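Guided by the hints, dock chain B onto chain A, whose structure is given.
Those protein sequences? They're chains A and B, same order as listed. Our numbering numbers the first residue of the first sequence as 1 and each following residue consecutively. Our numbering numbers the first residue of the second sequence as 1 and each following residue consecutively.
Quick caveat, the hints were computed from the structure, so don't treat them as lab data. Bear in mind the structure is a predicted one, so any value in this text is a computation, not a measurement. One or more of the hints may lead you astray.
What the hints assert, rightly or not - Distance condition first, Cα-Cα at most 25 Å in a straight line; then the derived BS3-like pairs of lysine-lysine:
#: 1; chain 1: A; residue 1: Lys70; chain 2: B; residue 2: Lys448
#: 2; chain 1: A; residue 1: Lys464; chain 2: B; residue 2: Lys46
#: 3; chain 1: B; residue 1: Lys46; chain 2: B; residue 2: Lys384
#: 4; chain 1: B; residue 1: Lys448; chain 2: A; residue 2: Lys46
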Amino acid sequence: MKFALLITTLFGTLSGAQQLEFNRDIRPILSDKCFFCHGPDQANRKSKLRLDTEAGAAYLDKRVFVERIKAEKPAMRMPPIYSGKTLSVGEIATLERWVAQGAQWEKHWSFVAPKRRTPPSVEMAGWVGNPIDSFVLARLEQNGLRPAQPSDRGRLLRRVTFDLTGLPPTPAEVDAFMADTTPGAYERVVDRLLKSSRFGERMAIRWLDAARYADTQGYQSDGERVMWRWRDWVIDAFNANKPYDQFLTEQLAGDLLPNARRDQIIATGFNRNHRGNSEGGIIPEEYAVEYVVDRVDTFSTVFLGLTAGCARCHDHKYDPLTQKEYYQLYAFFNNIGEWGRYVKYGNTPPYIAAPTKEQEKELTELEARHADARKKWEQTRPVVAQAEKRWAEEASKSNEGIEWMPGRALQTQMKLTGAEGRFDGKREISAGLQTGGFGYLDKFTVSLWMKPEAANGAVFARGKDTSEELGYGLYLISGKLQFHMTQRWLDDALRVETEQPLALNQWHHVTVRYDGTRLASGVHIYVDGKQAKLKTLLDMLNQSFFATAPFRIGGGSGMRFTGEIRDVRVFMAALHEEEIQSLAPRESVNEILAIAAPNRSEAQRAKLSAYFIQNVAAAQLRSAWSNAFALGEALTKLRESLPSVMVMQELPNRPDTHVLIRGAYDRPGAKVDRGVPAALPPLPASATVNRLALAKWLTAAEHPLTSRVAVNRMWQMVFGVGIVKTVEDFGSQGEWPSNPELLDWLATEFVRTGWDVKGMIKTMAMSSTYKQSSRASDELIARDPENRLLARGPRQRLAAEMVRDQALSAAGLLVEKTGGPSVKPYQPAGLWKELSNDGDYVADKGEGLYRRSLYTYWKRTIPPPFMMNFDSAGREACTVRETRTNTPLQALNLMNDVTYLEASRKLAERMMLEGGPDAGARIGYGFKLLLARAPSGREMEILRSSFDRARDRFQTKPGDAVALLKQGDSIVNGALDKTELAAYAHLASLILNLDEVVSKE
Amino acid sequence: MQRARINLQVTRRQLFGRAAGGIGATALASLLHGETPGAGPHFAPKAKRVIYLFQSGAPSQIETFDYKPLLKKLHGSELPDSIRQGQRLTGMTSTQASFPVAQPIFDFKQHGQSGAWVSSLLPHTAKAVDQLSFIKSMNTEAINHDPGVTFFQTGFQIAGRPSIGSWLDYGLGSENQDLPAFVVMVSQGTGRSADQPLYDRLWGSGFLPSKYQGVKFRSQGDPVLYLSNPEGISGGDRRQFIDDLAQLNRIKQDEFHDPEITTRIAQYEMAFKMQSSVPELTDVSKETAATFDLYGPESRKPGTFAANCLLARRLSERGVRFVQLFHRGWDHHTTLAPAIRGQCYDVDQASAALVQDLKERGLLDETLVVWGGEFGRTVYCQGKFTPEEYGRDHHPRCFSMWMAGGGIKPGVTYGETDDYSYNIVKDPVSVHDLHATLLHCLGIDHTKLTFKFQGRHFRLTDVHGRVVKDLLA
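With the rest of the complex left out, here is chain A:
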């Protein structure tokens, strides 16, 4: 088998006499071919022979083993035919040699804590910059290889600038580095890059892939959600160099930390980034399970490097993880009190307000001002009361009519006097389409007087006159008031009912107030100025509605009112309780004044006071009131404008967790409690077994996986391929580390340095290994195509976001601003509209077009094409492996997308304005802007002739030059000759398409 031979040669292991190593050479074969029946899955195990445990392997009869794997007769041969698995000739030979060498069994390497080894001694000791190099070089020397020459400085600068900040170096940075020949020049560059706020942005994007961060829900209509405050937390955490153990702990259990700060709670958004289904008709219990499963799978992949998901339905086939243990992990994540049906547009509870720093400041200020104003008003109150009393005594003597009612936000008033307000169970009246056209996020209040004479009827409604219609309305049902808001009657609506019936044949003042929260708890009904107790009948409003039928009084949903209705008022605000109280009295101010003070009702007193303070009181007193009121309104408005973020919480009464048979939500099996897999260290003996305990468990220094998995991902970021290439799988089916000693050194170093992320990245970037040239001979590439031995520096196509960010940066278009709501750069028209009805993508104007790609609005079901074309993770589920493909669609994207055409034009302007006096200098400048080096002679010849041809071509057809320059929203520099500019734009586009430009070299 060629593959096996190749790999083993590559890692310098298999040469005739050499001792086999169980974990490296044997376990992968057994795992892939035998564990299915002779492994961890109890249900599938066919005999006592178990090759995944030491005890089980004791049953191995060496002679029978060899006989069976080599058996000629199909009925005797292992693995059996029905398994669909076969051993290759090479694998059989290897297993045979293993038996010959004594069939030694070892525990899977990644479940044993990393051992820190002294860096090995090497021949070329002078090459060693830090311990990484000793481990790498020892391996190279074993294989008879030598490291490559150091990279030239320009290329190295570009490489490290991309790796640490995701952007290319500027020409000034190139010049400075070239000029600095003093010792430590490179280290100073590394330190500068690590200090840059771009570092956090570069690191964050891979974390967003892992945490499946996006701006939409991910199912069906795929509505918007708000999680960018969590994204910004990640950027800040990297920039502040938050130690990885804290980074991990806050995201897993920030809410459970003692005196948790707001930012620590925001961090727990990590576990709420999964997709959420709001499709009508789903069975919520089914999806509630999927969310927890997603959390467990993400947790396992990101922190443990294990494919726990396999154990959802049955014991893991390859790794020591039982189905029961899967649900023990599950039990950490299912106690947040969520409902399986997610909110269609917006965040789903639990969530918290997550103001930015600026907003936090504004909020604190406004709260203080409001408290101050409230205090002043409270202090003023006795004076007001005195004044009111004096006034009332005076005013009650006069007989002047005072027609006044509270009028804030009044949209419509229908007085309905005389016969107009009389309803006979048949007639209804329309208040027109201009009244009450509210959606589910609008706040409103409707008040009226009514004297019901029958126990059933419609009081008012906005919607068609048929039952179960879309819209809202107030009804009398068996004497009780019911308020409905309906998108779809059975499962997308809210309905509340007063606990007490309304007395018939009596006048009542009734007010309904809705606060725009789309929740039943946001509806209040006041009867005669007093809040009525409500019963929630349905609380499932999830989509907005707009009733195209008019606002009806005395009718709706096919029902009619019997009795009298007067003075219907519709307000475009959720009125305060005092306001509602002051609406309640039927009597005019005069009439109230005419009543002796002790005999006035509470509502009458409220109306009188409201009238006094708003109309009569001295200016100073009035402003004390209006100030407090206005600031209160402003504060509400500010609070409602704050971004929120979905977070984790731990409810006091935990639900029972059961194993789910075959993973099905509706097939609970045995009850389980929280716990961690037995093959890993035990949980710390802490008081409470919760997510915080889980975080402590993960970050214990002796945990075999956490640090290895983390440094391996960093290695992948810097060197292109992980030391364990299967960065998501450190289990039996994962790949053997290309350099286990190096991995363990890095892992222990990471812990030793206090989980210092910047420190670890710096160690990698400072190694001689990293600084090598990526030039290679055909022979070396044939021998080590993926550069696992590192006899050369990394060379790899840039990640999706870097391809675009580089173009914007070199063109001078990039708008650098850290954080904030996601933005919408260019995208071909119609991509959203052709797949869904939720409106089309509307690109931003101005700076939103030019922000770093990490801030691009991510709609999960229709992700940005320029990202997906370049292998970005899809953000549906956790992704930690970086992939690179090479496709014609990428070529088309780079050649014809307005993003790159506009960047070419702006780059051309820079070449002409900053590049120097002649074409050669200008072309060289453009080249340097992207590649941190000057073109070679031959390159310059080709570039030059391409430019000359383009210039001639545009001179003959100047119209084409003008047309080409139209790409993009940015202004064309009118001072530059259009033909020239187009020719440079052509050249800039050529440079932007170069392999070297889209690669890290």
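The following block gives chain B in isolation, referenced to the frame of chain A:
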């Protein structure tokens, strides 16, 4: 089996890069021996290509193909518990007070020599029945659209796995030189304008490398994203541009020896070819009037299902392995009758025409055509119980599909449902079975088309699937 040039350019580094993606050692070995990554076909295929006409939103089987004469009598009666059998219902109707049986308001007749029952809504399909093979006993596990369509597309309800077309591209490679192997086109139904959305991931490559993802051909703007040169740049300019680029990239290749560079040079060539092959493909001006007549008047309007059917034939003729059309608008919870009239008008003539056109061109034998949605609809009424307003909720337990062409026995009806079209009484066909059968027609053993990801050998059919032999020619 000939892989397209673009795939022949697979370099050694890519091979290993792909192994990185998780291909098993066996597949890798076969790669080294010049075979395709998925190592298919496993036996002689009947079909070389597939055209899948996906009816998104779930068409009612009761108004189209699953004729139930007793419904006339049962109309208005309550669905008996003996039929419902405690089956789970969607949250949209589970709290409905009653479940009255609703008969279809359209007539059914038997057609052709095979005597297949088809409703009056589908007169053209009715004429083609002897070419088609009906499955009346399809069933699925999903009861909502997103998981339902995702299940059909990827064999799993939760997103993240490769779509059928990606599996085929991975398993069989491309048959053509200058077009993608997997093309998708979408159209909006006239029956229900605000219908279920679609998602890019439905033709995504899941955990397979992204080069296997479907390429969406669009009816507005560029048919393939970023295909056209900007204004001011001619085809000749682009040719020169790519030549200059190749020269510069070759200098780099000589210096760094990275095979990715050679691949990139080839991909720019491929991109240039697509700039002419795709417009040539989408330009239907040379199609005859007779062809347009066959596909119906809608086929002259770009972006309609009929126009897409015609393009599907053109793609198939050019060797595109998997062409998938999605027609939206079938989610008829209420006012089913007018809505389904519109939908049937959209698809009836063109679906039948496609089968006939392929046959006339001698392509039907090697092209498998599949027609169907993600689940069926309930026999009981959702919403108002009147002839024009009645609707039907989602029904996963039974629904109808048809297949035709490469490898499929024509004129067959397979499977049977009860008198209510509620339960299957004979020969159930699961989504996995359908996938297994589809792969079988293409010469693939569904248990052998695997990809190792996260330590597991994944299949389109997961651990299920049975080839429905009775459907095979």
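**Study point:** Straight-line alpha-carbon gap A:Lys464 to B:Lys46, limit 25 Å
**Key:** violated, 57 Å
Check your understanding: Is the straight-line distance between the alpha-carbon of B:Lys46 and that of B:Lys384 25 Å or less?
Key -> Status violated; Cα separation ~48 Å.
Practice item. Take the C-alpha atoms of B:Lys448 and A:Lys46, compute the straight-line distance between them, and say whether it is at most 25 Å. Key: This hinted pair holds, its Cα atoms lying about 23 Å apart.
Check your understanding: Hey, A:Lys70 versus B:Lys448, does the alpha-carbon distance stay inside 25 Å?
Key -> At roughly 23 Å apart (the allowed maximum being 25 Å), B:Lys448 and A:Lys70 satisfy the hint.
Hint compliance for this structure: hints 2 and 3 are broken, all remaining hints hold.
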